[in-house]
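Colleague: Whenever a hint applies, use it, and build me the whole structure from the sequences.
Just so you know, the protein sequences line up as chains P and Y, in that order.
Sequential numbering from 1 applies to the first sequence in our numbering.
Sequential numbering from 1 applies to the second sequence in our numbering.
Hints listed in this document are in silico derivations from the structure and should not be mistaken for laboratory results.
Warning: the hint list may mix true and false statements.
Copies of the same chain are indistinguishable here, so a pair counts whether it falls within one copy or spans any two.
Unchecked claim - When the alpha-carbon atoms are kept at most 25 angstroms apart in a straight line, the in silico SDA-like pairs for lysine to any residue are as follows:
| no. | residue 1 | residue 2 |
| --- | --- | --- |
| 1 | LYS203 | LEU80 |
| 2 | LYS142 | ASP178 |
| 3 | LYS179 | MET116 |
| 4 | LYS179 | VAL146 |
| 5 | LYS85 | HIS198 |
| 6 | LYS189 | ARG144 |
| 7 | LYS190 | LEU80 |
| 8 | LYS175 | GLN150 |
| 9 | LYS18 | SER122 |
| 10 | LYS139 | PHE184 |
| 11 | LYS51 | HIS112 |
| 12 | LYS175 | PRO148 |
| 13 | LYS85 | SER201 |
| 14 | LYS85 | LEU129 |
| 15 | LYS189 | PHE163 |
Spelled out from the first residue to the last, the chains are:
There are 2 protein chains.
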Amino acid sequence: MAKREKNTEKLILEAATKVFLEKGFDGARMQEIADKAAINKALVHYYFRSKEKLFDAIFQEAFVQFIPKVMDVMTSDSPLFEKIKAFVNTYISMLIKNPHLPIFILHELNRHPEQMVNRIQSFGAKPELLVKNIIKEIKKGKIRPVDPRQLIVNMIGLCIFPFAGRPIIQGVIFKNDDKTYNRFLEDRKKDVADFIIHSISIKK
Amino acid sequence: MAKREKNTEKLILEAATKVFLEKGFDGARMQEIADKAAINKALVHYYFRSKEKLFDAIFQEAFVQFIPKVMDVMTSDSPLFEKIKAFVNTYISMLIKNPHLPIFILHELNRHPEQMVNRIQSFGAKPELLVKNIIKEIKKGKIRPVDPRQLIVNMIGLCIFPFAGRPIIQGVIFKNDDKTYNRFLEDRKKDVADFIIHSISIKK
DNA sequence: GTCTATATTGTGATAGAC
DNA sequence: GTCTATCACAATATAGAC
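Modeller: Shown next as structure tokens:
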């Protein structure tokens, strides 16, 4: 059976995702989206009515992807260090596939912080559970006493930053070499996990 | 003696800095800059000719501020851990005063990575020195063997992320409370330094 | 559903009086 | 130097034929 042709709506969404993620809402052009989807500009409006509505569709999906599935990791019954390794590995792997995601989400949310209020309810990340879990480990004397919120921010920041800051890091530290930087990102899965674990381990 | 009036050029630069840093190049409007400077739109063009030229002036200064003065810290002859503490403390303090700086720089460089090539030469950050310094500490057995480049990226990322990701972090973890988040940022000066130092300390 | 043509508005930039 | 008025074009959005 022949492969089914993609329908137009999907073509537009794919094109729009690329353009919006690379240029942001303000930098994106409906014309460029239409060109990339190999259709006419009017057709984009036919399917999504306005630039804003099209953007909302893309942002929604991108945002869900961006929010790390902390809960998935925490519901497992493996030890904390194993959970950290799994989280870092999964999250960095996803970002390697979607390198523009961090800046896109971060920039758009900085432009429109009010939108954050709406988003919070719409997804089920409950960091309280993770916080409690960390506190439990501290009380059991398994890890160094730290502010759990700081630890969570550290974990996420360490994963995201090399993608959000790629041009500057690659430029300054890696002499703009793509291959070396990609290798650096691969290595990071292990390095960041080690880094975090060492930072909360108790010295004997 | 009466306080001297600010000249127009300075007024424009101050207004433009605010607008560009909050909205980025694509989102900024010459009209808004003029309004904020309490002058006419034509006058902005009179002083800077074009939006792009005005932007360049702002970006240049912002970029210099953004690049952490790693060298300043490293030229001191204090021990590595003291250097790390000083760096984290200085950099986070600066970011508290300029919270929009990270997203602004990161976003604009992602939009125009080619510009990074020009910038690199224009400022004197030589991370090689820092890399060598870290390697020396490792060889002396003072710290755990790590990839110095990863360590540097970690240090910077840990400082920057809570500012770049403020809306999302504050929304999800801090129930959107400004005061708590500001306190969190203050605490971070110490917490991040501790975090890094523990992560590279050698266990006895 | 898809196209061409066009309306409409927004925005950077300039001309010219004062 | 500073202003008002205006140009020129870019970009979103719609009308209407097919």
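Colleague: None of the hints should be skipped; say for each whether it holds.
Modeller: So, going through the hints one by one against the coordinates:
1. LYS203 to LEU80: both (17 angstroms within a copy, 20 angstroms between copies)
2. LYS142 to ASP178: So LYS142 and ASP178 fail the 25 angstroms test inside a copy (40 angstroms) and across (32 angstroms) alike.
3. LYS179 to MET116: between (36 angstroms within a copy, 18 angstroms between copies)
4. LYS179 to VAL146: So LYS179 and VAL146 pass the 25 angstroms test across copies only (20 angstroms; inside, 37 angstroms).
5. LYS85 to HIS198: both (12 angstroms within a copy, 18 angstroms between copies)
6. LYS189 to ARG144: both (22 angstroms within a copy, 18 angstroms between copies)
7. LYS190 to LEU80: both (16 angstroms within a copy, 24 angstroms between copies)
8. LYS175 to GLN150: between (32 angstroms within a copy, 15 angstroms between copies)
9. LYS18 to SER122: within (24 angstroms within a copy, 32 angstroms between copies)
10. LYS139 to PHE184: between (36 angstroms within a copy, 22 angstroms between copies)
11. LYS51 to HIS112: Both: 16 angstroms inside a copy, 23 angstroms across copies.
12. LYS175 to PRO148: Intra 36 angstroms, inter 16 angstroms, cutoff 25 angstroms: inter-copy only.
13. LYS85 to SER201: both (14 angstroms within a copy, 20 angstroms between copies)
14. LYS85 to LEU129: For LYS85 and LEU129, only the intra-copy Cα distance (18 angstroms) is at most 25 angstroms; the inter-copy one is 31 angstroms.
15. LYS189 to PHE163: both (13 angstroms within a copy, 23 angstroms between copies)
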